[in-house]
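Trainee: First to last, the protein sequences are chains A and B. Just so it is clear: in the first sequence, position 41 is 41 by this note's numbering, and no numbers are missing. Just so it is clear: in the second sequence, position 83 is 83 by this note's numbering, and no numbers are missing.
Think of the hints as simulated: they come from the structure by calculation, not from any bench. A couple of the hints might just be wrong.
Unchecked claim - Each computed EDC-like pair below joins lysine to aspartate or glutamate, with the alpha-carbon atoms no more than 20 Å apart:
1. A/Lys7 / A/Glu28
2. A/Lys93 / B/Glu459
3. A/Lys113 / B/Glu367
4. A/Lys119 / B/Glu367
5. A/Lys119 / B/Asp371
6. A/Lys113 / A/Glu46
7. B/Lys418 / A/Glu28
8. B/Lys393 / A/Asp108
9. B/Lys434 / A/Asp108
10. B/Lys418 / A/Glu90
11. B/Lys583 / B/Glu416
12. B/Lys460 / A/Asp108
13. B/Lys460 / A/Glu69
14. A/Lys113 / B/Asp371
15. B/Lys344 / A/Glu28
16. B/Lys344 / A/Asp108
17. B/Lys418 / A/Glu92
18. B/Lys583 / A/Asp102
19. B/Lys460 / A/Glu97
20. B/Lys232 / B/Glu163
21. B/Lys344 / A/Glu120
22. B/Lys138 / B/Glu163
23. B/Lys418 / A/Asp91
24. A/Lys15 / B/Glu367
25. A/Lys93 / B/Asp171
26. A/Lys93 / B/Glu416
27. A/Lys61 / B/Glu276
28. B/Lys460 / A/Glu90
29. B/Lys460 / A/Asp91
30. A/Lys7 / A/Glu120
31. B/Lys489 / B/Glu454
32. A/Lys113 / B/Glu90
33. A/Lys113 / B/Glu432
34. A/Lys113 / B/Glu454
35. B/Lys137 / B/Glu227
36. B/Lys460 / A/Glu28
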Amino acid sequence: MEPTSKKILIIEDEKQLARVLEIKLSREGFEITNVTSGEAALPLIETGQFSLIICDLMMPKVDGFQVLEFIKSKNIIVPVIVLTNLSQPEDEKRARELGALDFLIKSDTPLSKIIEIIKEKLSH
Amino acid sequence: MKNLILKQKVSLSLSIASLVSLLVVGIIVFLYIHSILIENKKKDILSSTTEQVHESNLIFENNQLFAHILGSETQVKGFLLNRSPSKKTELLNIFLGHTNTMKKYLSISLLDKNGIALVSTDPRLEGQDYSLRDFYKKSLEGEPSVDTAINKTNNQFGYYFAEPILGEQGDLVSILMVNVDQTQINNSIILSEISKDNFLMLVDEEGIILASTEPSRNFKSLGTLSEQEKNKLQNSDKFLGQDIVPLGYDLVQQGIRDYKNPIIVNFFDKDDGDNEMVGLSKLNKLPFYLVTEIRLEALNEQVFGTVFIVILVILLILMVLSLIVYFYTIQRDITKEKELNKTKTEFVSLASHQLRSPLSAINWYTEMLLDGNAGAINDEQKDYLDEITNSNKRMVELVNDLLNVSRLEMGTFIVETKPINVISLIKSVLSESKPSIIEKKLIIEESYDDSITEFLADEKLLRMVFQNLVSNAVKFTPLAGVIKINISKVKKYENYNEKIIKEDSLVFSISDSGIGIPIHQQKSIFSKLFRADNAKESGIEGTGLGLYVVKSIIDQSSGLVWFKSEENEGSTFNIAFPSSGMKLNKIN
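Isolated chain A (complex conformation) (with noise of 0.2 Å):
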């Protein structure tokens, strides 16, 4: 395993989800580094430091779509996974357009289902 692939980075405006979500994969031994909107993650994912993103899609000014916008447009490489409450099919289709790997409802999908998809992403 190269030293960057367990860097993740969560973009979550929700604090009381992002706390769990950083909790818990601290422990399964990620390094995590949590932002609490889609404007903070910008720089932060241009210097190409994480080997995944966890993205809300509902957040003020620059929301996930635009969030997943911005990596196409620089063509930056890395696997992002939607993590969200939003679940028209209208936006999984929209996410998954703009490059989204993977599409979850938070309300249902426990944190290990969530880890499951973290590990078996990170070891392609």
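Got chain A; can you put chain B on it based on the hints?
Mentor: Just chain B, lined up with the frame of chain A:
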């Protein structure tokens, strides 16, 4: 020099010839387009009247919802037999809540089986006897109906919508009576799209105009009446003893007498001295007709204007290009509809986000505690945390169901098909229920037609249908029961589970050996929020939304759903889709 003159002559005669030919082409095009536009306008009139039908029926549908709020038939009977002051206040509060929100009703009352008003939002109506009304007679036959009458207490003309509430043996227990102000119906007609350039009338079975966009015509007759008919109507309190003046629409009156299908009649109005065109359609389930009138003069002006512009454009093109080209376009501004759709979609997005976020937090933090991430927990603590997890799961399911329902009802959803393997889909849905199947030792018998490879379907919608049907079968089947799942191909006119299939179809059926649906409640099983009495008594959780979602999806994607059920024996739900696949059903 001579040659030059000759050339001029030739070119002059050529120009005249081309002008004449253009004129001929122009006339032909005029006649052609004129007939197309007139036909289109006629179609418009008929299709708009169908929308009106829908609007009137909504009032009735709300009534049925209201009967549902009252409770089960047993509860209604209980209320009628032992009325206590506290129960009465409670019911009145529900009534009042409903009138305040709907604002469409003058009053809502509950009558006993003898036609006496027991409780009403308008206290003046309590104790009134309605047994002489036509709607009471209809209610005795178990039929919902509408009656027009003047309300003697408040002296207002209105419509009475009556909905019988039947007991277990089909006997009349009570009647829900809703009084709608005539102006409400008038307003809905005036507000309707078509009234902007047309003239609308709501007409009863005798040809009397009850409401119209031109109130001076109210209570007049669409045709000639015999002296006997006149006397009868003037003495009846339905028409306030007014003079019934014939308006000379004899052909329309004739249409009402031998009504079969919507008709369009051209006629000359003696009063206005105009040529007019009238569309007549019967309001679904109601004893009323909707008559749409449009002046041919106005129509002609409109059509002529359009035709004139179109011809001008064509002639210009012909002159410029010297080619024979013609076309016409019909444009409609859909900006507003698009905006409305956007607002609806945004609402669902917002609602799902706001409702689900706290539920996600509860889920994840409870999961951390259960995993021992905050230290070891004892059995009792684990037990309590499991209760939290289960309750939260129910809440998540309820939110998911409600969101699905609102998407379906707002009509913003789309049917997006691709070839899928339906057998894998149902197997994947079954695997989701595996823990319950194992726990209840259920036997699953699957039979699939081997020749089924791929089927054009919207995977998400079909999954939702399967999930609801499978989870119901698993929920309602007792220990060691049997669930049978079948997918097969059926040819046109073949019989599948007691239904003749009208076209080549793919059919699905899910049978269980569960508690079944009581026969008298089978007609309500697809209603929103409805739960059968035995399901409620069994203590098995449910929202009453599952089968409603199933039916809405299937109706909107060109499918069919039907079922057979016997109490304590089990139920079989069947679905059929045309072999060509699921597709959005525009009619719904």
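Trainee: Against this structure, judge whether each hint is valid.
Mentor: Now the hints, each set against the structure:
1. A/Lys7 / A/Glu28: holds, 12 Å
2. A/Lys93 / B/Glu459: holds, 13 Å
3. A/Lys113 / B/Glu367: With a Cα-Cα distance of about 11 Å, the restraint between A/Lys113 and B/Glu367 holds, given a limit of 20 Å.
4. A/Lys119 / B/Glu367: holds, 19 Å
5. A/Lys119 / B/Asp371: Roughly 19 Å between the alpha carbons, so the hint for A/Lys119 and B/Asp371 holds.
6. A/Lys113 / A/Glu46: Violated - the C-alpha atoms of A/Glu46 and A/Lys113 are around 28 Å apart, more than 20 Å.
7. B/Lys418 / A/Glu28: violated, 39 Å
8. B/Lys393 / A/Asp108: holds, 9 Å
9. B/Lys434 / A/Asp108: OK: B/Lys434 and A/Asp108 at ~17 Å, within 20 Å.
10. B/Lys418 / A/Glu90: holds, 16 Å
11. B/Lys583 / B/Glu416: With Cα atoms ~8 Å apart, B/Lys583 and B/Glu416 stay inside 20 Å; holds.
12. B/Lys460 / A/Asp108: Since the Cα atoms of B/Lys460 and A/Asp108 sit roughly 15 Å apart, the hinted pair holds (cutoff 20 Å).
13. B/Lys460 / A/Glu69: Distance of about 26 Å is beyond 20 Å: violated.
14. A/Lys113 / B/Asp371: holds, 13 Å
15. B/Lys344 / A/Glu28: Roughly 41 Å separates the two Cα atoms, so the pair is violated.
16. B/Lys344 / A/Asp108: violated, 23 Å
17. B/Lys418 / A/Glu92: Within the cut-off at roughly 16 Å; holds.
18. B/Lys583 / A/Asp102: violated, 27 Å
19. B/Lys460 / A/Glu97: holds, 18 Å
20. B/Lys232 / B/Glu163: Violated. B/Lys232 to B/Glu163 sits at ~27 Å, over the 20 Å cutoff.
21. B/Lys344 / A/Glu120: Violated - the C-alpha atoms of A/Glu120 and B/Lys344 are around 37 Å apart, more than 20 Å.
22. B/Lys138 / B/Glu163: This hinted pair holds, its Cα atoms lying about 9 Å apart.
23. B/Lys418 / A/Asp91: With a Cα-Cα distance of about 18 Å, the restraint between B/Lys418 and A/Asp91 holds, given a limit of 20 Å.
24. A/Lys15 / B/Glu367: holds, 18 Å
25. A/Lys93 / B/Asp171: With a Cα-Cα distance of about 53 Å, the restraint between A/Lys93 and B/Asp171 is violated, given a limit of 20 Å.
26. A/Lys93 / B/Glu416: holds, 11 Å
27. A/Lys61 / B/Glu276: Cα-Cα ~58 Å, so violated.
28. B/Lys460 / A/Glu90: Roughly 12 Å between the alpha carbons, so the hint for B/Lys460 and A/Glu90 holds.
29. B/Lys460 / A/Asp91: Holds, at roughly 14 Å.
30. A/Lys7 / A/Glu120: holds, 15 Å
31. B/Lys489 / B/Glu454: holds, 12 Å
32. A/Lys113 / B/Glu90: At roughly 48 Å apart (the allowed maximum being 20 Å), B/Glu90 and A/Lys113 break the hint.
33. A/Lys113 / B/Glu432: At roughly 14 Å apart (the allowed maximum being 20 Å), B/Glu432 and A/Lys113 satisfy the hint.
34. A/Lys113 / B/Glu454: The hint is violated at about 30 Å.
35. B/Lys137 / B/Glu227: Given that 20 Å is the threshold and the Cα spacing comes to 27 Å, the pair is violated.
36. B/Lys460 / A/Glu28: violated, 33 Å
In summary, the structure is inconsistent with hints 6, 7, 13, 15, 16, 18, 20, 21, 25, 27, 32, 34, 35, 36 from the numbered list given earlier, while agreeing with the others.
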